[in-house]
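Using the sequences and the hints, build the whole thing.
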Amino acid sequence: MEFHAFYLFFSTNNTQDTFNNLVAKSGKRLDPGSREALYEEFKAQKAMKDLEKELDNLNK
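In this text, residue positions in the sequence shown follow the working numbering: the first is 1, and each later residue adds one.
Hints listed in this document are in silico derivations from the structure and should not be mistaken for laboratory results.
Heads up, a few of these hints could be off.
[Claimed, not checked] Below, simulated PhoX-like cross-link-like pairs (lysine-lysine); rule was C-alpha separation at most 25 angstroms, straight line:
1) K25 / K43
2) K46 / K60
3) K53 / K28
4) K43 / K53
5) K49 / K60
6) K46 / K25
7) K25 / K60
8) K28 / K43
[What the hints assert, rightly or not] Label-pair distances were calculated between CB atoms; the ranges are:
9) L51 / N13: 15 to 25 angstroms
10) E54 / T18: 27 to 37 angstroms
11) L30 / E52: 23 to 33 angstroms
12) V23 / N59: 31 to 41 angstroms
13) K49 / S26: 13 to 23 angstroms
14) N14 / E36: 14 to 24 angstroms
15) L30 / L55: 28 to 38 angstroms
16) D56 / G27: 29 to 39 angstroms
17) Q16 / L51: 18 to 28 angstroms
18) K28 / K60: 23 to 33 angstroms
19) N59 / A24: 34 to 44 angstroms
20) P32 / N59: 19 to 29 angstroms
21) L22 / D56: 19 to 29 angstroms
22) L58 / S26: 29 to 39 angstroms
Beta carbons: idealized from backbone N, C-alpha and C, even for Gly.
Printed below as a string of structure tokens:
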């Protein structure tokens with residue numbers, strides 16, 4: 001269980017860092033509500049890609 005908690009923590013931090021870097025590089029100013037909504041969409045898209053990758057690996 002500790003490994004899963006560590007992975008979730010690492011994955012979440014990595015996702016947050018990636019999102020923050022992309023927003024910073026875009027040069028756009030986002031209000032907190034828009035930023036949170038965009039981050040939630042970013043996480044959903046990342047999760048979908050991760051699931052598709054896992055399914056592809058299982059089908060090989």
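Each hint, compared with the structure:
1. About 18 angstroms separates the Cα atoms of K25 and K43, which keeps this hinted pair within 25 angstroms; it holds.
2. Straight-line distance between C-alpha atoms of K46 and K60 comes to about 22 angstroms, which keeps the hinted pair within the 25 angstroms bound.
3. Restraint check: the Cα-Cα separation between K53 and K28 comes to about 31 angstroms, which exceeds 25 angstroms; the hinted pair is violated.
4. Under the criterion of a C-alpha separation no larger than 25 angstroms, the hint pairing K43 with K53 is consistent with the structure, at around 15 angstroms.
5. Between K49 and K60 the CA atoms are separated by roughly 17 angstroms; this keeps the pair inside 25 angstroms, and the hint holds.
6. Between the alpha carbons of K46 and K25 the distance comes to roughly 19 angstroms, so the proposed pair stays at or under 25 angstroms and holds.
7. Straight-line distance between C-alpha atoms of K25 and K60 comes to about 37 angstroms, which puts the hinted pair past the 25 angstroms bound.
8. Note on K28 and K43: the hinted pairing holds, with a Cα-Cα distance of about 19 angstroms set against a maximum of 25 angstroms.
9. The beta-carbon spacing between L51 and N13, approximately 20 angstroms, falls within the hinted interval of 15 to 25 angstroms.
10. The hint said 27 to 37 angstroms for the Cβ distance between E54 and T18, and at roughly 19 angstroms that hint is violated.
11. Judged by the Cβ atoms, the range 23 to 33 angstroms given for L30 and E52 holds: they are separated by roughly 27 angstroms.
12. The supplied range of 31 to 41 angstroms is met by V23 and N59, whose beta-carbon atoms lie about 35 angstroms from each other.
13. Range check, K49 to S26: Cβ separation about 20 angstroms, and the 13 to 23 angstroms hint holds.
14. Between N14 and E36 the Cβ separation comes to about 18 angstroms, which falls inside the hinted range of 14 to 24 angstroms.
15. Distance hint check for L30 and L55: the Cβ-Cβ separation is about 32 angstroms, which falls inside the suggested range of 28 to 38 angstroms.
16. As the Cβ distance of D56 to G27 is approximately 35 angstroms, the hint placing it in 29 to 39 angstroms holds.
17. The beta-carbon spacing between Q16 and L51, approximately 19 angstroms, falls within the hinted interval of 18 to 28 angstroms.
18. Range check, K28 to K60: Cβ separation about 39 angstroms, and the 23 to 33 angstroms hint is violated.
19. Remark: the range hint 34 to 44 angstroms for N59 to A24 is upheld by a beta-carbon distance near 37 angstroms.
20. The hinted range of 19 to 29 angstroms is not satisfied by P32 and N59, whose Cβ atoms lie roughly 41 angstroms apart.
21. Separated by about 25 angstroms at the C-beta atoms, L22 and D56 satisfy the suggested range of 19 to 29 angstroms.
22. A beta carbon spacing of about 35 angstroms between L58 and S26 agrees with the range 29 to 39 angstroms that was offered as a hint.
The structure does not agree with the numbered hints 3, 7, 10, 18 and 20 stated previously, though it agrees with the rest.
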